[in-house]
Amino acid sequence: MTDIHVSSSSSPVVGGGGRHLLEVKDLYVEFHTRDGVARVINGVSYHLDPGETLAVLGESGSGKSVTAQAIMGILDMPPAKIPGGQILYKGENLLAMPEEKRRQVRGKEISMIFQDALSALNPVFPVGWQISETLRTRAGMSKKEALNRAVELMDLVKIPAARARVKDYPHQFSGGMRQRVMIAMALAMDPKVLIADEPTTALDVTVQAQIMDLLGDLRRDLNMGLILITHDLGVVADVADRIAVMYAGRIVEHADVRNVYKHPAHPYTEGLLDSIPRLDSKGTELATIKGLPPNLMRPPTGCAFHPRCKYAKSVCTTETPLSLDLGHGRTSACHFAKEMLDGTLR
Amino acid sequence: MFRYLVRRFLQMIMVFFATTFIVYALMYWTGGDPIQALAGEKPVNDVLRAQLTKEFGLDQPFLVRYWNYITNLLHGDLGNTLVGRPIKDVLADAWPITIQLAVIAIVFTILFGVTAGVIAGIRRGSIFDNTTLVLTLIVIGIPSVVLAPLAQYLFTIQWKIFPTTAGGNPTLWDLLLPGIVLGSLSVATAMRLTRASVSENLRADFVRTARSKGMPGRRVIGIHVLRNSLIPIVTFLGVELGSLMAGAIVTEGVFNIPGVGYQLSKALRTEDTPLIIGIVSVLVIIFLVANLIVDLLYAVLDPRIRYE
Chain H
1490 MTDIHVSSSS SPVVGGGGRH LLEVKDLYVE FHTRDGVARV INGVSYHLDP
1540 GETLAVLGES GSGKSVTAQA IMGILDMPPA KIPGGQILYK GENLLAMPEE
1590 KRRQVRGKEI SMIFQDALSA LNPVFPVGWQ ISETLRTRAG MSKKEALNRA
1640 VELMDLVKIP AARARVKDYP HQFSGGMRQR VMIAMALAMD PKVLIADEPT
1690 TALDVTVQAQ IMDLLGDLRR DLNMGLILIT HDLGVVADVA DRIAVMYAGR
1740 IVEHADVRNV YKHPAHPYTE GLLDSIPRLD SKGTELATIK GLPPNLMRPP
1790 TGCAFHPRCK YAKSVCTTET PLSLDLGHGR TSACHFAKEM LDGTLR
Chain E
167 MFRYLVRRFL QMIMVFFATT FIVYALMYWT GGDPIQALAG EKPVNDVLRA
217 QLTKEFGLDQ PFLVRYWNYI TNLLHGDLGN TLVGRPIKDV LADAWPITIQ
267 LAVIAIVFTI LFGVTAGVIA GIRRGSIFDN TTLVLTLIVI GIPSVVLAPL
317 AQYLFTIQWK IFPTTAGGNP TLWDLLLPGI VLGSLSVATA MRLTRASVSE
367 NLRADFVRTA RSKGMPGRRV IGIHVLRNSL IPIVTFLGVE LGSLMAGAIV
417 TEGVFNIPGV GYQLSKALRT EDTPLIIGIV SVLVIIFLVA NLIVDLLYAV
467 LDPRIRYE
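These protein sequences, in sequence, are chains H and E.
The opening residue of the first sequence carries number 1490 in the numbering used here; numbering runs sequentially from there.
The opening residue of the second sequence carries number 167 in the numbering used here; numbering runs sequentially from there.
Just so you know, these hints were derived from the structure itself, not from any lab.
Please note: incorrect hints may appear among the correct ones.
Straight-line alpha carbon distances no greater than 20 Å define the calculated SDA-like cross-link-like pairs of lysine to any residue that follow [to be verified]: (1) H/Lys1827 with H/Asn1748; (2) H/Lys1656 with E/Arg393; (3) H/Lys1647 with H/Val1728; (4) H/Lys1632 with E/Ile389.
Please model the complete structure; the sequences and the hints are all you need to start from.
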């Protein structure tokens, strides 16, 4: 299994290289709106190595997408502001780069695919034109070369009859095929990191599995690092190596995927796992996590999860839990993480 | 596509007959006394009246007169004005002038309205945006009966930049100020439409995609945003050009330009029924064709539109 490193301060050692492909260090993002300041990311750290899949899990509003957009540098600033943290790509801090240099990283080194491919693709240009746009404008290919490469990419993501469909428009494709077009477009410049922001949420269940398989295969064949953002625990089990669970702009648990499923070390993770429908508990009521995610303009005191936590004690309402190192690169931001693992927490 | 065109063509024929029929009927029942109008102040004696009535076919029943008019029209004969001039000649003189005026107005609209709209759309909430919004509001609020004489007074009498009136055979220079006055209302509308369209598309998901592909800002706006924003703007400009072709009664009147609007208002004043109906019939055709072209252009600009 991959070497796991979480706590952001100590220097990581991976495969002797001494640094990760991509590393987010103690990142803070806030949105300045008319109603006040929403602190949406509060000290997030994670990292990614080549050929590895990191699943970032959380409800809407937990900050998982915002972190990804901060990595890509496509946050609208203002209203967004990054008051602290680093995003290191191959050791270089993306946040300190001049915009022009940063732009060169986008799409070429780090690429991103989005949830709803229908609105994420430009409706008035053919898919081949959109896939080959970076090749023409950034790789200096001729129109014909770029279009041929687009056909190859469409073959790579298993779009049938690619050559015949390269001049079709996005609306002429089915949902699953459109997402494949998105993936082909993101792969055009051979990126080292692919960020997939809820890539299967808008799709049928059968198609979801196909897209996840495709992403897994591509990650392996092209030796990319894959960040898979999702709110669906079921999706990540087969594909991910590690899971980072986010809540209210923090990573509450970070661990090897099998450990998380076997023994969650944070009550929120446990709640997520319990709310997956299971065949063997058919007929019983589905477990849910009570309450709603916190308002980030006015976050709760102490642990942000305490109003919804079934184990909450008085310390949880006053003190923000630090990320606790549980060994084997596993962390949990819960005052009672050890008790959770022991099964002694009541 | 072919079926769509056939259907549109049949619709156009029906609309043409319906509108000409309505106009003809309105002129028939409200048209006053054309013979007295022809004679002006002078009294008309009974013999002359009987003779003229017969000559213009005024004694025929309404449907017969409409039928005669339509059959002549379909043969390309628009008939004569009450004073005996072929209507075809009147239109052949007036239309080129009106078309020049319309083209000036549209070019002015594109140059200022669309450009300002794009800038305002990109910089929403900026000083430029707010200033142009207020200015367009003022322009939209002023009717052309005020705007045209005001512009004439300021630019031709006070500052003497442009010629005051155009006269019989106007040059492009003579038509410049009237064209701008005519276009100013379109400028305001085009600017607001462009601004809304651009700022909406700037927030679209595909713009985020283009940025995440590492496209430079000018390409994101110049290609991805503008190409999408163009769809409603081109539609608006097409319809606008169609209605500008119909001439501008007020503007042409104020600047004394012998275009279609001027002829139409003159025909209305002199109760020249054949000329009114002749002009309106051709206007209907121009308007229908302009709308058809706009609809076809729309399908070219937006691949999601398919005409079945």
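Verification of the hints:
1. H/Lys1827 with H/Asn1748: holds (14 Å)
2. H/Lys1656 with E/Arg393: holds (17 Å)
3. H/Lys1647 with H/Val1728: holds (19 Å)
4. H/Lys1632 with E/Ile389: holds (16 Å)
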